[in-house]
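Colleague: With chain A fixed as given, assemble chain B onto it according to the hints.
For the record, the sequence lines run as chains A and B.
349 is the number that my numbering gives to position 208 of the first sequence; each next residue is one higher, with no gaps.
160 is the number that my numbering gives to position 134 of the second sequence; each next residue is one higher, with no gaps.
Honestly, the hints are just simulated from the structure, not real lab data.
The C-beta atom is built at its ideal place from N, Cα and C for all residues, glycine as well.
Any given hint might turn out to be false.
Claimed, not checked - Below, a list of computed lysine-lysine pairs in the DSSO-like style, where the Cα atoms sit at most 30 Å apart:
#: 1; chain 1: B; residue 1: LYS122; chain 2: A; residue 2: LYS403
#: 2; chain 1: A; residue 1: LYS259; chain 2: B; residue 2: LYS173
#: 3; chain 1: A; residue 1: LYS259; chain 2: A; residue 2: LYS403
As the list claims (entries may be wrong) - A few chain A residues that face chain B, going by a derived Cβ cut-off under 10 Å, partial list only:
#: 4; residue: PRO231
#: 5; residue: VAL238
#: 6; residue: LEU249
#: 7; residue: TRP252
#: 8; residue: ILE258
#: 9; residue: LEU422
What follows is the residue order along each chain.
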Amino acid sequence: MQAFLHQLLSGLANGGIYASVALALVMIYQATHHVNFAQGEMAMFSTYIAWAMINAGFSYWAAFGLTLVFSFIGGVAIERIIIRPVERAPVLAIVSVFIVLLLILNSLAGWIFSYTIKSFPSPFPSVAWYGSKYMSSHEVGMIVVTLAVLILVFLFFRFTPLGLAMRAAAQNPVSSRLVGIRVGWMLSFGWGLAAAIGAVAGIMAAPIVYLDPNMMSGILLYGFAGALLGGINNPWGAALGGFFVGVLENLAGAYVVGTELKLTAALVIIVGVLAFKPAGLFGRTLITRV
Amino acid sequence: MMMTTPNEIGSVEPMACAGLSSAIFRYVGITALLAIACALPFAVSGYRVSQFSQVLIYAIAMLGLNILTGFNGQISLGHGAFYAIGAYTAAILLDKTGIPYWATVPIAGAICLGAGFLFGLPALRLEGLYLALATFALAVATPQILKFKGLDHWTGGVQGIQVDAPAAPWGLPLNTDRWIYYFCLIWTITLFVVVRNLLRGRTGRAIIAIRDHPLAAAAMGIDTALYKSLTFGISAMYTGIAGALGALLSAYVSPDSFPVSLSIKFLVGSVVGGIASISGAFIGALFIEFTPNFADQISKAAPDAIFGMFLIALMYLMPRGAIGVLDFIGVQLRRMAAAKQQRRNRTAG
Numbered sequence: 142m143q144a145f146l147h148q149l150l151s152g153l154a155n156g157g158i159y160a161s162v163a164l165a166l167v168m169i170y171q172a173t174h175h176v177n178f179a180q181g182e183m184a185m186f187s188t189y190i191a192w193a194m195i196n197a198g199f200s201y202w203a204a205f206g207l208t209l210v211f212s213f214i215g216g217v218a219i220e221r222i223i224i225r226p227v228e229r230a231p232v233l234a235i236v237s238v239f240i241v242l243l244l245i246l247n248s249l250a251g252w253i254f255s256y257t258i259k260s261f262p263s264p265f266p267s268v269a270w271y272g273s274k275y276m277s278s279h280e281v282g283m284i285v286v287t288l289a290v291l292i293l294v295f296l297f298f299r300f301t302p303l304g305l306a307m308r309a310a311a312q313n314p315v316s317s318r319l320v321g322i323r324v325g326w327m328l329s330f331g332w333g334l335a336a337a338i339g340a341v342a343g344i345m346a347a348p349i350v351y352l353d354p355n356m357m358s359g360i361l362l363y364g365f366a367g368a369l370l371g372g373i374n375n376p377w378g379a380a381l382g383g384f385f386v387g388v389l390e391n392l393a394g395a396y397v398v399g400t401e402l403k404l405t406a407a408l409v410i411i412v413g414v415l416a417f418k419p420a421g422l423f424g425r426t427l428i429t430r431v
Numbered sequence: 027m028m029m030t031t032p033n034e035i036g037s038v039e040p041m042a043c044a045g046l047s048s049a050i051f052r053y054v055g056i057t058a059l060l061a062i063a064c065a066l067p068f069a070v071s072g073y074r075v076s077q078f079s080q081v082l083i084y085a086i087a088m089l090g091l092n093i094l095t096g097f098n099g100q101i102s103l104g105h106g107a108f109y110a111i112g113a114y115t116a117a118i119l120l121d122k123t124g125i126p127y128w129a130t131v132p133i134a135g136a137i138c139l140g141a142g143f144l145f146g147l148p149a150l151r152l153e154g155l156y157l158a159l160a161t162f163a164l165a166v167a168t169p170q171i172l173k174f175k176g177l178d179h180w181t182g183g184v185q186g187i188q189v190d191a192p193a194a195p196w197g198l199p200l201n202t203d204r205w206i207y208y209f210c211l212i213w214t215i216t217l218f219v220v221v222r223n224l225l226r227g228r229t230g231r232a233i234i235a236i237r238d239h240p241l242a243a244a245a246m247g248i249d250t251a252l253y254k255s256l257t258f259g260i261s262a263m264y265t266g267i268a269g270a271l272g273a274l275l276s277a278y279v280s281p282d283s284f285p286v287s288l289s290i291k292f293l294v295g296s297v298v299g300g301i302a303s304i305s306g307a308f309i310g311a312l313f314i315e316f317t318p319n320f321a322d323q324i325s326k327a328a329p330d331a332i333f334g335m336f337l338i339a340l341m342y343l344m345p346r347g348a349i350g351v352l353d354f355i356g357v358q359l360r361r362m363a364a365a366k367q368q369r370r371n372r373t374a375g
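With the rest of the complex left out, here is chain A (with noise of 0.2 Å):
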């Protein structure tokens, strides 16, 4: 009971690495029906400049919070320069460009960084101050990071100017130009803000698996199969999906299929969810009139 019970919460923490990515796909997804397959990338690049602002002499709040500001700005340029001129492209033509634009950052950051495996250190203490031996302190930590990040950006889109405007040009952009509200940057803030949420779950995962450019591609599959699952037009059910996703994956890994084949699990879900339940389990079904 004991061993179910550890493998439950650290489940849970993992998901809430997964719910961060999760958000940050239906983020963009929503203002502009793409899925961004870089998006794991992107978060793993923003990983490598918080490690080196931490190398550099920054304390770790700080350059977490530098971090999000450079990958805000990171995410609004590529929308900008890369995203842009192919926005009404086929699907074929912009899934391309997300591919390259996966495997330029993953070099990049092979380049500049090297490949060598690096550690990242934890913010929280590494002796748990609530005296339990379920969870590890980072992992309690990273719970409540996520949360944190989810009711920041819930906030921010349910009670700021700012936030109405980007979901009134995610959900009708036609309309919103004609009230004067600038759709264009609205998708550009939606990147930016993605980007940063990514951000968050690269510094979060890097104390567990590691600092490498190829960190976040197993993320990035969970963090699929929880926006899948939870239904990649609802944020919040993405976001549960995430964590759904992260318990589902520690339980299978213990007691099903083995942790070799975790990522399989992942892809199970995606191709179950998306061959069973295309909505999701708290997504709206589109009914497309022909």
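Modeller: Just chain B now, with coordinates in the frame of chain A:
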């Protein structure tokens, strides 16, 4: 476009001339290319020969991807998985059974046909982006499945499987590199002819109609589900055959020979060559085999970044791929020739 034949054009007098001469050009061109392809192994050194064999193998794999993505409109980011299945089938057969190496290739093709058909069934419900996602997941999961301990007995786990490189039969005076090259060349030519005939006929029209307008295709009585899964199967079969040939060429398979980047390479090569074309697969194969070398020379540190930037530039400059550009040049030349002919007729009459 590329599909015009001399007897299709023939109603307009000047066009007939242009059509006939372009047909002659095409036959001369194909013969010349074949001659070059046959002479190549004797003109370059050993390592280059295996590079060109790899080009042929990539061309077959991308041809499979072109059938699926270019002609049928289903995006796959996971063809590396079928390549891996083909390669592993060949390697396991060679390792565990006594069957000759040339028999492993069609068996690998048949197994991939089945695997592709099965993966094509859930894929029926996925459109565009979602299919890309599902196949991407397949590509990411492949190395892990190959490393799985339960299959160790067959796959050799992390170590992979070593196989013997085939020697030339009938006492032909060819070393292994050259013999594999010719073996691949025979397969390439066969498979290209097959796919060309397939796409030109009734089946091909159905496949293309599903891409262009699935609803209309269904309304015309095409069994969309069957055709889509079949196309997936055929596509996987091509890529699987390429995988088997690849295993023979490198004489070694291991889980890490089939990373996500292999699938990405296939898609990228196909897009660069021209995804809705048959001959584009060759250009794409040359591209993915040789640009990393060039990129390496430009920057040792980040060849992929250079490679990626090439690609983005290419995609903005030539959205239909290299074949699109060649087509455009061809059409312009033909138009100029026709205009000249007309002027000549006018001055004569």
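Colleague: Work down the list of hints and note, for each, if the structure agrees.
Modeller: Comparing the hints with the structure gives:
1. Between LYS122/B and LYS403/A the CA atoms are separated by roughly 29 Å; this keeps the pair inside 30 Å, and the hint holds.
2. For the hint pairing LYS259/A with LYS173/B, the CA-to-CA distance comes to about 24 Å; that is within 30 Å, so the pair holds.
3. This hinted pair checks out: LYS259/A and LYS403/A have alpha carbons roughly 23 Å apart, not beyond 30 Å.
4. Against a cut-off of 10 Å between C-beta atoms, the interface hint on PRO231/A holds, since the closest Cβ of chain B lies about 9 Å away.
5. Proximity of VAL238/A to chain B holds as hinted, the smallest CB-CB distance being about 7 Å (cut-off 10 Å).
6. A cut of 10 Å between beta carbons decides the hint on LEU249/A: the least distance to chain B is about 5 Å, and the hint holds.
7. Hint status for TRP252/A relative to chain B: holds, with the closest Cβ pair at about 4 Å, below 10 Å.
8. Look at ILE258/A: its Cβ only gets to about 16 Å from chain B, farther than 10 Å, so that hint breaks.
9. At a threshold of 10 Å, the smallest CB-CB gap from LEU422/A to chain B is about 16 Å, leaving the interface hint violated.
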